[in-house]
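*Asks:* Residue numbers (the working numbering), protein chains in the order written: chain H, 7 to 416; chain G, 407 to 571.
These are calculated hints, taken from the structure and not from any lab test.
What you are looking at is a predicted structure, and each value in this text was computed from that prediction instead of being measured.
Please note: incorrect hints may appear among the correct ones.
In silico DSS-like pairs for lysine-lysine, Cα to Cα no more than 30 Å straight-line [claimed, not checked]:
(1) H/K110 - H/K329
(2) G/K412 - G/K535
(3) H/K329 - H/K83
(4) G/K412 - G/K438
(5) H/K83 - G/K438
(6) H/K110 - H/K83
(7) H/K52 - G/K560
(8) H/K83 - G/K560
(9) H/K52 - G/K438
(10) H/K52 - H/K83
Here are the computed distance ranges between Cβ atoms for each label pair [to be verified]:
(11) H/A337 - G/I525: 56 to 64 Å
(12) H/P72 - G/K560: 32 to 40 Å
(13) G/G543 - H/R21: 20 to 28 Å
Which stretches of chain G does chain H cover? Using the computed rule of at least three CB atoms under 8 Å from a CB of chain H, they are [as the list claims (entries may be wrong)]:
(14) 458-470
(15) 483-497
(16) 553-559
Heads up, the beta-carbon is just placed ideally off N, CA and C, and yes, glycines get one too.
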Amino acid sequence: MGTLTEEIFSRRMGRPVHAGEIVVAPVDYAMAHDVTGPLAIEAFRKLDVPLWDPERVIMVFDHILPANTVASAGLHKIVRDFADEYGVTHVFQEGICHQLMVEKGFIRPGGIVVGADSHSTTYGALGCFSAGFGSTDIAVTFATGRTWFRIPETIRINLRGALPPGIFPKDLALKVIRMLGAEGANYLAVEWGGEAVAAMRVDERLTLANLTVDFGGKAGLCEPDEQTRLYLGDAAVVDLHPVGPEYRSVIEVDAEALQPQIACPPAIDNVQDLSVVEGTELDEVFVGSCANGRIEDLAIVADYFRGRQVSPRTRTIVVPASKAIYMEALARGYIQTFMEAGALVMNAGCGPCLGRQHGVLGPGERALSTSNRNYAGRMGSAQAEIYLANPAVAAASALAGMIADPRGIN
Amino acid sequence: MARIFKFGDGISTDAIIPGRYNVTTDPAALGKACFIEARPDFSATVQSGDVIVAGRNFGCGSSREHAPMAIKAAGVQAVVARSFARIFYRNATNIGLPVIQCDAIYDAVGDGDPVSIDIRSGGIDANGKMFQGETPGPVAVAIMEAGTLVDLIKTRGWAAIEEVS
Ligand code: SF4
Numbered sequence: 007m008g009t010l011t012e013e014i015f016s017r018r019m020g021r022p023v024h025a026g027e028i029v030v031a032p033v034d035y036a037m038a039h040d041v042t043g044p045l046a047i048e049a050f051r052k053l054d055v056p057l058w059d060p061e062r063v064i065m066v067f068d069h070i071l072p073a074n075t076v077a078s079a080g081l082h083k084i085v086r087d088f089a090d091e092y093g094v095t096h097v098f099q100e101g102i103c104h105q106l107m108v109e110k111g112f113i114r115p116g117g118i119v120v121g122a123d124s125h126s127t128t129y130g131a132l133g134c135f136s137a138g139f140g141s142t143d144i145a146v147t148f149a150t151g152r153t154w155f156r157i158p159e160t161i162r163i164n165l166r167g168a169l170p171p172g173i174f175p176k177d178l179a180l181k182v183i184r185m186l187g188a189e190g191a192n193y194l195a196v197e198w199g200g201e202a203v204a205a206m207r208v209d210e211r212l213t214l215a216n217l218t219v220d221f222g223g224k225a226g227l228c229e230p231d232e233q234t235r236l237y238l239g240d241a242a243v244v245d246l247h248p249v250g251p252e253y254r255s256v257i258e259v260d261a262e263a264l265q266p267q268i269a270c271p272p273a274i275d276n277v278q279d280l281s282v283v284e285g286t287e288l289d290e291v292f293v294g295s296c297a298n299g300r301i302e303d304l305a306i307v308a309d310y311f312r313g314r315q316v317s318p319r320t321r322t323i324v325v326p327a328s329k330a331i332y333m334e335a336l337a338r339g340y341i342q343t344f345m346e347a348g349a350l351v352m353n354a355g356c357g358p359c360l361g362r363q364h365g366v367l368g369p370g371e372r373a374l375s376t377s378n379r380n381y382a383g384r385m386g387s388a389q390a391e392i393y394l395a396n397p398a399v400a401a402a403s404a405l406a407g408m409i410a411d412p413r414g415i416n
Numbered sequence: 407m408a409r410i411f412k413f414g415d416g417i418s419t420d421a422i423i424p425g426r427y428n429v430t431t432d433p434a435a436l437g438k439a440c441f442i443e444a445r446p447d448f449s450a451t452v453q454s455g456d457v458i459v460a461g462r463n464f465g466c467g468s469s470r471e472h473a474p475m476a477i478k479a480a481g482v483q484a485v486v487a488r489s490f491a492r493i494f495y496r497n498a499t500n501i502g503l504p505v506i507q508c509d510a511i512y513d514a515v516g517d518g519d520p521v522s523i524d525i526r527s528g529g530i531d532a533n534g535k536m537f538q539g540e541t542p543g544p545v546a547v548a549i550m551e552a553g554t555l556v557d558l559i560k561t562r563g564w565a566a567i568e569e570v571s
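Build the full structure now, drawing on both the sequences and the hints.
*Replies:* The structure is reproduced here in structure tokens:
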């Protein structure tokens, strides 16, 4: 009985579990990356015990890839040495951790997964309870296979109607953030439902679950259904629904009335309709990240770029979220399209999203990004400005050199 | 006497320690870079025992534990905020940086005001006025008593948390 979260934890604990309870629960996998991993490893070594399970610990090099300074190479070495010493089998350097967790088959409906990265909420798109933690919590899971949870109450968000052409899940997520504010779901789980979600492919749901943490959510879940089966195959999908759930609140959003939404600097909840900021000149456009770096996102951008040139005053950077996506984009000709249009294409990983490698912003510069964070200083100088948008707006803006409406372009 | 460093709403972990400065696990280096762009004089002026008082959603954004580490290493005794982002609150508690949720203090104090805090009770004496912070949850109390999460699990295992749940 209960919300998706309560259902998942009740099954895991073998007894009814309700919001507000504190449980110590076994998890399926624990993930860390090249920035949070080293601190987790240091804390783990202090515990002075064997690794819980070398096959359930996942290490990803993605935030700084390949290493760009002696210091970052040092961080990578800490992770590699740990993986060698403890026989960690799942070590990846082929894309963003969250995309790989999903692609590599670690995520199952009904599962519980923890990650040393805030956007670990992403896996909720498949009906898995997943949340972000800091390095010390993850270290303790490395040691014991468990962590403690305060079972969160849930906000149910029903996205009504069908998405109009030119409107994407990113717009829905930003609209919800606009309505609820940057801490609207702090300490709470979010269930994404309604007709618009039922009609979405899994890649689109990943965007919703991803952005859940950006308004404070501990987890962002979608009910597993036919789309989940299409993505994972029948065998992997258990029957999982909210049963007589009691929600903290229920929010209804009309998808049909939506305009493209732009998160304006310097906060995720400073959201405006596109028309308000149209014409804002841009120094950089970034297409990628765990929010919108998937093949379907690249397809949208390639459609706009085909036979056109990006503005010479704007550097346009495209970063596929994973190697698999990169190779699919190669096979479909998107990479050639991006390069012919004048965009820079970088290796799969986090790219410029966190301002530590290629594509750093200088003082007074302005960027539009398909990622999920626009805090001052996020992508470089604290005097730079970041706008967040859907991939179609990013494409149109790259072509125009300023924030532009894609809906008028064929 | 300890002084207050006051910050506004929505202070992100990117403001506390930007991504370019957390390419290390060394607390001293993190402490030096604490608020390096948001408030460049912070690490040079903060003194051991000083207190951060902030608005809503302190520590939002990235889960980087470098953020509470940087604040702690800079010498800050405790962070008092109107509200905290969940992961930051948990990270700070896990590494032994006291975090106290208190709404009333925010509008009543300014930068540089004298302050003293009783971490155990959550009582805050600032500008001659008393404020009461919210009581932390049972797990946070257990961790605080042990010092850090690593200390708690190392000495008592999960039983320490199962007991209070
Ligand atoms: S793409 Fe950006 S938001 Fe996603 S994991 Fe990497 S740094 Fe974090």
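*Asks:* Checked against the structure, which of the hints given earlier come out wrong?
*Replies:* The structure breaks none of the hints.
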